[in-house]
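Enquirer: The residues making up each chain are set out below.
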Amino acid sequence: MNQNLSKQLQQQVLSAIEANQPLQIQGGSSKNFLGRAANATPLEVSGHRGIISYDPVELVITARAGTPLRKLEQILADAGQMLPFEPPHFGLNATLGGTIACGLSGPSRSFCGSARDYVLGVKLINGRGEILNFGGQVMKNVAGYDCSRLMAGAMGTLGLLLEISLKVLPRQAAEITLVNKTSLPQALETMNHWAGKSLPLNAACYDGENLYLRLSGAKTAVKSAHQLIGYKLYGNGNPFWQTVKEHQHPFFQSKLPLWRLSLPAGMADINIPGTWFIDWCGAQRWLLSDSAPELVRKQTQASGGHATLFRRGPVDCETFQLPADGIMQLHRRLKQAFDPAGIFNPGRLYAGL
Amino acid sequence: MVNTEKHATGASAIDHSMTDKTAATKSTLDKAALITRLREIVAADALLYDEEDLRPYECDALSAYCKLPMIVVLPGTIEEVQAIMRLCYQHHVPVIARGAGTGLSGGATPIGGDVVLSLAKFMSILNIDPLARTAVVQPGVRNLAISQAVAQHRLYYAPDPSSQIACTIGGNVAENSGGVHCLKYGLTVHNVRKVKIVMMDGELLTLGGDALDSSGYDLLALINGSEGMLGVVVEVTVKLIPMPDRAQVVLAAFDDVEKAGIAVGEVISAGIIPGGLEMMDKLATQAAEDFVQVGYPTDAEAILLCELDGTNEEVSEQILIVREIMKQCGATKTRTACDEAEREAFWKGRKAAFPAVGRLAPDYYCMDGTIPRKHLPYVLRRMGELSIEYDLRVANVFHAGDGNLHPLILYDANTPGELKRTEAFGGKILELCIEVGGTITGEHGVGIEKLDQMHLQFSNEELTQFHAVKHAFDPAGLLNPGKAVPTPKRCSEYRQLPAQNKNRPSQNRCEHL
Ligand SMILES: Cc1cc2nc3c(=O)[nH]c(=O)nc-3n(C[C@H](O)[C@H](O)[C@H](O)COP(=O)(O)OP(=O)(O)OC[C@H]3O[C@@H](n4cnc5c(N)ncnc54)[C@H](O)[C@@H]3O)c2cc1C
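Each protein sequence line maps, in turn, to chains W and R. Start counting the first sequence at 0; every next residue gets the next number (numbering that gives the first Met the number 0). Start counting the second sequence at 0; every next residue gets the next number (numbering that gives the first Met the number 0).
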C-alpha cells in the first residue's frame, strides 16, 4: 500500500536523537548480509512507499525509498523503460532506498554507469532530524554540493533516505548474448578490446571457461556487431545475466567467503588463491577464497583496487576496505556534518563511523 | 573570455561585504611579507602582484563583477601547490583556484585580499591508456586538448562545453560542466574516474581510483561541482569512450517554438537517445548564422539539431525515424548533414551561439536554468512576457534533451540602470525555473552570481547542511570563501525583502557605469 510516512519517520528519528538511541535502518532486509552489523534499534522504513512522479518523456522517476524495487522496475518496463544500472535485488523485498544506500550495480555497470550515476536527487532526514532536499528532478543541476550522489553507497550512515529521483532510459530494441571459450588472460584482453570499439556492447563477463558478451541496441546495430565479433549466439542470455546479477549462478553456490574485488578493468590475473568470476569487463571480480583477509586486501590494493568481503566473512572483520588515513578523516568529518550524534547505522560501513 | 575585454573596467566600486564573511580580514601576513614567503616556494616569474598584471584575474567570463586579487601565483608542481596552500592556511589568507577563467557565475572572481592560484602551468597529459580507456591529465589541460590527444586511438572525452577550446579540465570538475553530448554520455561527474586534490591545509588526497568505484563515501561525486571550495584539483583521470563509427546530424526548422519542444519529447518517446539534441530560437539562430554562415534557416522560429551516433546501420535506421518525427511534429524543413564538414558546420553555429548573440548588443548576460522539458512552452512564453516587461531582448539557446536553458539577455552596461534591470530580469528567469520544478543552475554554477536565488531553492536547514560539508573539508573557510552557498543570515535578509526589491542586485556588486 502506498503511503507517506515522512512525518512519522521524522518523529522516530527525533525521539532517537533525544534518547541517544542509534537506529538501524531496515528496508526490505535483502542486503543485511552486506556490511558490518550495526548494533542499534531497527527502524522499519519499507512502509514508506509509492511512486511520486513518473513521466516517461522526462526520463525521470521519483519514488519513496521503501518502494519495492520489483514494483518500480515493473512500472518502468510497462512504459518501455528501465534502470540502466541493472541493480541486483538479492531478495524479493529489495527496496529502492536500500538499492541506492548500498550503491550496487549489475552487469551493465561498466558500459552504462552505476547507481550513483543515475541519482538526480534525494529527500532525506539528516541526523538532526531535519527533512532536506538535495539535487532535483531534472537531468542537470549544480546548485549546492552534490549531497544526493554522496548518499549512493553510504550504507545509510549519512541520513535516512525518504525519496529518490533517478534518471531512467528506454529499453533497447534488441539484445543478444554471445559466448566464446577462452582463457582468463585472453578473456580480459578481448573484453577490453571490444569495449574500446564503437559497438552496442552492454555487459562482458568470464566464468572461468567462457567469455560472455551482451549486445544491446538497435536491431541493425546488434546484428552488425554480432557479425563483426563472430562468436556463437548464446540462447539463454536473459536468464544467464539474471543469475550473474543475483548471485544465483552456480559459481556463487559455495561455503567459502565471497570477495568482491574492484580493479582496473585491464589488470592482469591477480595472484590470490581461489576461484574467480570476472564481470564488468574485468573491473569487478568475484573471488571465492579462504585466504587471509589481509592478503586479499594487500594484493588488491597493490593492483590499484579495493576488496569487499561481500558474503560469509569472518565475524569482526571489516567488510569494506579501509581508505587512506586522510580519506578516513574526511569520512569522519562528513559523518559529523550529516549525523553529529551518530544515530544512523553506526558501524555498518566502518567501525566507529 | 567573451565580453570580458569589452567591459573589464576598474573594480574599485566593489565592496568587501560581497562575501558574507571575508576571511581576508583575519590574515596574519601583509602583502609584502606574503610575497617574500611565496618567493621561497616559486620562481619570481610565477608571482604577479602589480596592478596591471593582476588585471586579467579580476573576474571570470561573468565580467559584470570584478575585484583585483592581492597576489596571483602560478605554481608548476603539486609540491608547490601544497606549500602555497600550507602557507596561506597558516596565515589565514583566502585562496581561489583558477583555470581558464571561462566560468560564467563568478566562481573564480577574487573577493579582495586573496591569493589566486592559477593552474595554468599544469598543462601536461601524463598518461593515455587505450586498453583501459583512460587518460591522466593535469588540471590546466584544456577540455578539447584531451580529445585531440586521444583521437589517434579512436577515443574521445565526452563532455564538451561550448567553451571547450579554452576551459580547463580542473574548471570542468569544479563546475561539473556539461556539453551537447551530456544527455547520452553524462556530465563531468560521470566521466571522471579519479582526482587528486590539495586540501586547504596542504594535504594531498586521492578521490576515486583506477577501478570503477572506491570503498566508502563517494567523495569523487562530491568534489564534482564543488566550485573550487573543497579542494584544489591537481590531477584528473578521465574516462574515454570510443568514437562512434558514424555521427550524423539532422537540422529541423519550426515555425513555432512549442512544436519544436514537442518534437524533442517525441524523439525520446520513440526510444531514441540522441548524442546531442539542441534547440535555438529565432534570435539565436539568426545571430549564429550572421556570425559563422553555416546555412541555418533564419526565418524559422526555432531550430533543432539532433545528432545520432553509433554504428553505421543504427545511425541510418534512426535518422529515418527522427526525420519522420520532425515532419509529423510540423517541421517546415529538415536537413541531414551530407558529410562530416557539414556536420561540423551545423555544430559550429551552435557552439558559437554565445559570442554570436554577444555581437547583437554591447553586452549579454548568460543565464543557466534547468526545467522539466514539458514546461518549456510555458517557460518560453513567460520569458517573452518578461522580455517586454523589462524592455530587454532575450535569445534562447537550449540543451533541449536535458532541459537546460541558456537565455541570453542583451543589454548595454553603459546605459545607466540597464545592468540592474538585466539582473532583475535574470533573477525572474531563475525564479521561473524553480517555479516549474527546475533548478537555478544546470551547469554554470552558483558562484557569486546566484547566491540570492539559492535561498529560493533551498531552506535554511539545507544551506546549513552545505556549510557543514564545506566545514568538513575546509574548517577555516579559506578556500574560495563566500561562493556558491549563502549564509543563512543573508537568506533571512533576502526573504524579508519586499517582492519588488527581490531581484535587485546587492549594492556590493560592481557595476560598469
Ligand atoms: C562562451 C562560453 C561557453 C560556455 N559553454 C559552456 C557549456 O556548454 N557547458 C558548461 O558547462 N559550461 C560552459 N561555460 C562555462 C565554463 O566554460 C565552464 O564552467 C568551465 O568548466 C570553466 O572552466 P575554467 O577552466 O575556465 O574555470 P574557471 O572559470 O577558471 O573556474 C571556474 C571555477 O572552478 C574553480 N577551479 C578552476 N580550476 C580549479 C582547480 N584546478 N581546482 C579546483 N577548483 C578549480 C574556480 O575556483 C572557479 O570556482 C561556457 C563559458 C563560456 C564563456
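Calculated directly from the structure, the hints in this document are not laboratory data. Any given hint could be a false lead.
Output of the computed footprint for chain R on chain W, the stretches with three or more beta carbons under 8 Å from beta carbons of chain R [stated by the list, open to error]:
id: 1; region: 145 to 155
id: 2; region: 228 to 240
id: 3; region: 285 to 295
Each computed SDA-like pair below joins lysine to any residue, with the alpha-carbon atoms no more than 20 Å apart [stated by the list, open to error]:
id: 4; chain 1: R; residue 1: Lys373; chain 2: W; residue 2: Thr61
id: 5; chain 1: R; residue 1: Lys373; chain 2: W; residue 2: Ile51
id: 6; chain 1: W; residue 1: Lys297; chain 2: W; residue 2: Leu321
id: 7; chain 1: W; residue 1: Lys222; chain 2: R; residue 2: Ser315
id: 8; chain 1: R; residue 1: Lys326; chain 2: R; residue 2: Lys347
id: 9; chain 1: W; residue 1: Lys231; chain 2: W; residue 2: Ile175
id: 10; chain 1: R; residue 1: Lys238; chain 2: W; residue 2: Gln328
id: 11; chain 1: W; residue 1: Lys218; chain 2: R; residue 2: Leu319
For glycine and all other residues, C-beta sits at the position ideal for the given N, C-alpha and C.
Enquirer: Against each hint, give a clear statement of whether it holds in the structure.
Expert: Hints and how they fare:
1. Residue count for the region 145 to 155 of chain W with a Cβ under 8 Å from a Cβ of chain R: 7. That meets the three needed, and the coverage hint holds.
2. Under the rule that three or more residues need a Cβ within less than 8 Å of chain R, the assignment of the region 228 to 240 of chain W is violated, with 0 such residues.
3. For the region 285 to 295 of chain W, the proposed coverage by chain R is not satisfied: 0 residues have a C-beta within less than 8 Å of a C-beta in that chain, short of the threshold of three.
4. For the given pair, lysine 373 (chain R) sits about 16 Å from threonine 61 (chain W) by alpha-carbon distance, which is consistent with the 20 Å threshold.
5. For the given pair, lysine 373 (chain R) sits about 17 Å from isoleucine 51 (chain W) by alpha-carbon distance, which is consistent with the 20 Å threshold.
6. For the proposed pair lysine 297 (chain W) and leucine 321 (chain W), the alpha carbon gap of about 11 Å is at most 20 Å, so the pair holds.
7. For the hint linking lysine 222 (chain W) to serine 315 (chain R), the alpha-carbon distance of about 14 Å falls within 20 Å, and the restraint holds.
8. Annotation: proposed proximity of lysine 326 (chain R) to lysine 347 (chain R) is violated, straight-line Cα distance about 24 Å (limit 20 Å).
9. In summary, the hint linking lysine 231 (chain W) to isoleucine 175 (chain W) is supported, as the alpha carbons are separated by about 10 Å, within the 20 Å threshold.
10. Note on lysine 238 (chain R) and glutamine 328 (chain W): the hinted pairing is violated, with a Cα-Cα distance of about 27 Å set against a maximum of 20 Å.
11. With a CA separation close to 14 Å, the supplied pair lysine 218 (chain W) and leucine 319 (chain R) stays within the 20 Å bound.
The structure is inconsistent with the numbered hints 2, 3, 8 and 10, although it conforms to all the rest.
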